[in-house]
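As they're listed, the protein sequences go chains A and B. For what it's worth, the numbering used here labels the leading residue of the first sequence as 7, then goes sequentially. For what it's worth, the numbering used here labels the leading residue of the second sequence as 274, then goes sequentially.
Hints should not be assumed to be uniformly reliable.
With a cut-off of at most 20 angstroms between alpha-carbon atoms, the simulated SDA-like pairs for lysine to any residue come out as follows [unchecked claim]:
id: 1; chain 1: A; residue 1: K118; chain 2: B; residue 2: P358
id: 2; chain 1: B; residue 1: K491; chain 2: B; residue 2: V453
id: 3; chain 1: A; residue 1: K232; chain 2: A; residue 2: R131
id: 4; chain 1: A; residue 1: K118; chain 2: B; residue 2: R281
id: 5; chain 1: A; residue 1: K221; chain 2: A; residue 2: L316
id: 6; chain 1: A; residue 1: K118; chain 2: B; residue 2: G367
id: 7; chain 1: A; residue 1: K118; chain 2: B; residue 2: S360
id: 8; chain 1: A; residue 1: K118; chain 2: B; residue 2: K491
id: 9; chain 1: A; residue 1: K118; chain 2: B; residue 2: A506
id: 10; chain 1: A; residue 1: K232; chain 2: A; residue 2: V284
id: 11; chain 1: A; residue 1: K118; chain 2: B; residue 2: R276
id: 12; chain 1: A; residue 1: K118; chain 2: B; residue 2: V453
id: 13; chain 1: A; residue 1: K118; chain 2: B; residue 2: L279
These aren't lab readings, by the way, just hints derived from the structure by calculation.
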Amino acid sequence: MTDLNAAVLVEGVHKHYGEVRALDGADLRVERGSVVGLLGPNGAGKTTLVRVLTTLLVPDSGRAIVEGYDVVEDADALRHVIGLAGQSAAVDDYLTGRENLELVARLYHLPKTEARRRADALLERFDLVEAGHRQARTYSGGMRRRLDLAASIIAEPPVLFLDEPTTGLDPRSRLALWDVIRGLVAEGTTVLLTTQYLDEADALADRITVIDRGKVLAEGTADELKQQTAQAVLSVQVETPDQLAAAAAVLGRLDAQDPQVEEAARRVSVGTTRGSAVIALAVRELEAAGVVIDDIGLHQPTLDDVFLALTGRAADEADTIEGAA
Amino acid sequence: MARRNLLRMSRRFDYIVFLAIQPVMFILLFNYVFGGAITTSAENYIDFLIPGVMVQTVMFTAMNTGTGLAEDLNQGMIDRYRSLPMSRAAVVAGRIVADLTTIVLVVAVMLLVGFAVGFRLHGNLLESVSVPVMTVVAAIPFLWISATLGVWIRNVETMQSAGFLWLFPLTFISSAFVPVESMHSVVQGFAEQNPVTIAVNAVRGLALGIPDSSDIVKTLIWTSGLTAVFSIAAVNRYRRM
Ligand SMILES: Nc1ncnc2c1ncn2[C@@H]1O[C@H](COP(=O)(O)OP(=O)(O)OP(=O)(O)O)[C@@H](O)[C@H]1O
Ligand SMILES: [Mg+2]
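Go ahead and model the full structure; you've got the sequences and the hints to work with.
Put into structure tokens, the structure is as follows:
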């Protein structure tokens, strides 16, 4: 292995289900101790990739390595170093929270007393102490998620896979879970998490990989992605419609880009890479051209814009498109 | 794994009670309702009936394995287990060990109820001890068949109907409740060849103190054969999920 820093390395992995290319030559790299967010619309192949990396699915072709272990050849050894919290919570309804945790710990071959000690610590950490002696079927969705996540880290695996960990959680539980994940990362855990929430990727991930239709579309830090794929947008509202043409001419010269004109809103907008200094420049040039400005603003791109630019559809839309396909 | 399953079963009090009540009802119903109308080789119908009910009951009880697995194996659960450094056979095997334990309990309950309503073992000590042992042996292949169905179907409702349906003809067209000779000729041929008949006859012979070694040997052969085939089928299927 030449690549000693990568905790997860995926090269050209394919997994097809008949016609559906769930993974179509996916590449991924997760540095040890970092958090990578895997972002993509429904059906993008996120879960499929996680399942390949956790030895649940054998890829058709390509190579995937976790902590130096090949997912196919060293599957048994690999399972010792990973934790998985899947898309649907793996909680045994008829066992108590504590028993669920102890069971998983025992299945990781931890001794009994150690299993008990860690179950206690995790119940504490995930705010489940009181619920710990109750059967899991009495838990709320958020409690089940927390218990599931607790189970996935009970053996303190160096690499953790979280498939949409905060789906179905209320905002408070989400933030609490983010804190837990940050805590794990601070302790040195490598985390690969999939999510459909762009703010979640923004908040948690060091680097983000955007995938759709089984292919990686972009990779980078949130800021890099924003710069690469979506620009800041400068928009100007003019006083009277007859000034629109003059304003468009000025803005078009700024970055040599085609401005968009919205007649009804008396607005002209244009992409720019110049940063916030562009506002002062635009004001000067527009005044020189005799344009009276009602309003001017620079809109920084969000991950939503990145998502839209990359997948050609907004994150919220993805659902309906997938459903129609 | 087995401990987990036992623990979880003990939580489901209704399940246990139901498991025990059903065979008790069978014993009482058949003995007091049909008993008078059925003439058998055994002097008392109850001596004829109990081995039959025991074998039939353990086969039905075994079907819970598949339902239980189907219930357990929602995708989240399978993923968790399969991502853990544990034997891939452990989930299925653990369930089977747990169900085998409940089957032993059910057999004990049936024997006790049987004794209470007049059932007696007529053989020597070895033959008498062999009665429950042979009954449990007859259940083992059904545990694996059920497990195979469970991991294939993976749907609790389907398991509850499809998983059980075929057992009715198999156990009723056998010597479990009435002598084969008394049956209509259409089903008699089947009943004679039915492995359930052979197992029931083996257990019954032991209970009456007139063991038939050919029945016993045949039972051991078909049970181990089916167990081998279906244990491989179940575990293989689970591995590839
Ligand atoms: N077992 C399967 N059989 C057939 N097709 C499958 C199977 N599993 C996944 N797929 C298909 O592969 C594609 C990728 O699915 P995957 O579950 O990886 O998406 P995802 O990114 O996790 O989506 P979501 O955000 O909805 O969880 C989808 O089109 C899906 O229909
Ligand atoms: Mg998914």
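K491 of chain B and V453 of chain B: Cα distance at most 20 angstroms? Holds, at roughly 18 angstroms.
Measure nothing beyond the straight line between the CA atoms of K118 of chain A and G367 of chain B; if it is 20 angstroms or shorter, mark the hint as holding. With Cα atoms ~18 angstroms apart, K118 of chain A and G367 of chain B stay inside 20 angstroms; holds.
Within 20 angstroms, alpha carbon to alpha carbon, are K221 of chain A and L316 of chain A? holds (11 angstroms)
When you check the alpha-carbon spacing of K118 of chain A and P358 of chain B, does it fall within 20 angstroms? Given pair K118 of chain A, P358 of chain B holds - Cα atoms ~16 angstroms apart, limit 20 angstroms.
For the pair we were handed, K118 of chain A and L279 of chain B, check the Cα-Cα distance against 20 angstroms. holds (18 angstroms)
Hinted pair K118 of chain A and R281 of chain B, Cα distance within 20 angstroms: The hint holds at about 19 angstroms.
Within 20 angstroms, alpha carbon to alpha carbon, are K118 of chain A and K491 of chain B? violated (44 angstroms)
Quick one, are K118 of chain A and R276 of chain B close enough, alpha carbons at most 20 angstroms? Holds: K118 of chain A and R276 of chain B sit about 13 angstroms apart, inside 20 angstroms.
Checking one constraint from the list: CA of K118 of chain A to CA of A506 of chain B, max 20 angstroms. Satisfied? Violated, at about 33 angstroms.
Just to be careful, I want the Cα atoms of K118 of chain A and V453 of chain B compared with a cutoff of 20 angstroms; is the pair within it? Violated: K118 of chain A and V453 of chain B sit about 54 angstroms apart, past 20 angstroms.
Hint check: K118 of chain A vs S360 of chain B, CA-CA at most 20 angstroms. Holds or violated? holds (19 angstroms)
Need the status of pair K232 of chain A, R131 of chain A: alpha-carbon distance at most 20 angstroms? Judged against 20 angstroms, a Cα distance of about 35 angstroms means the pair is violated.
Of the numbered hints given earlier, the model fails hints 3, 8, 9, 12; all others are met.
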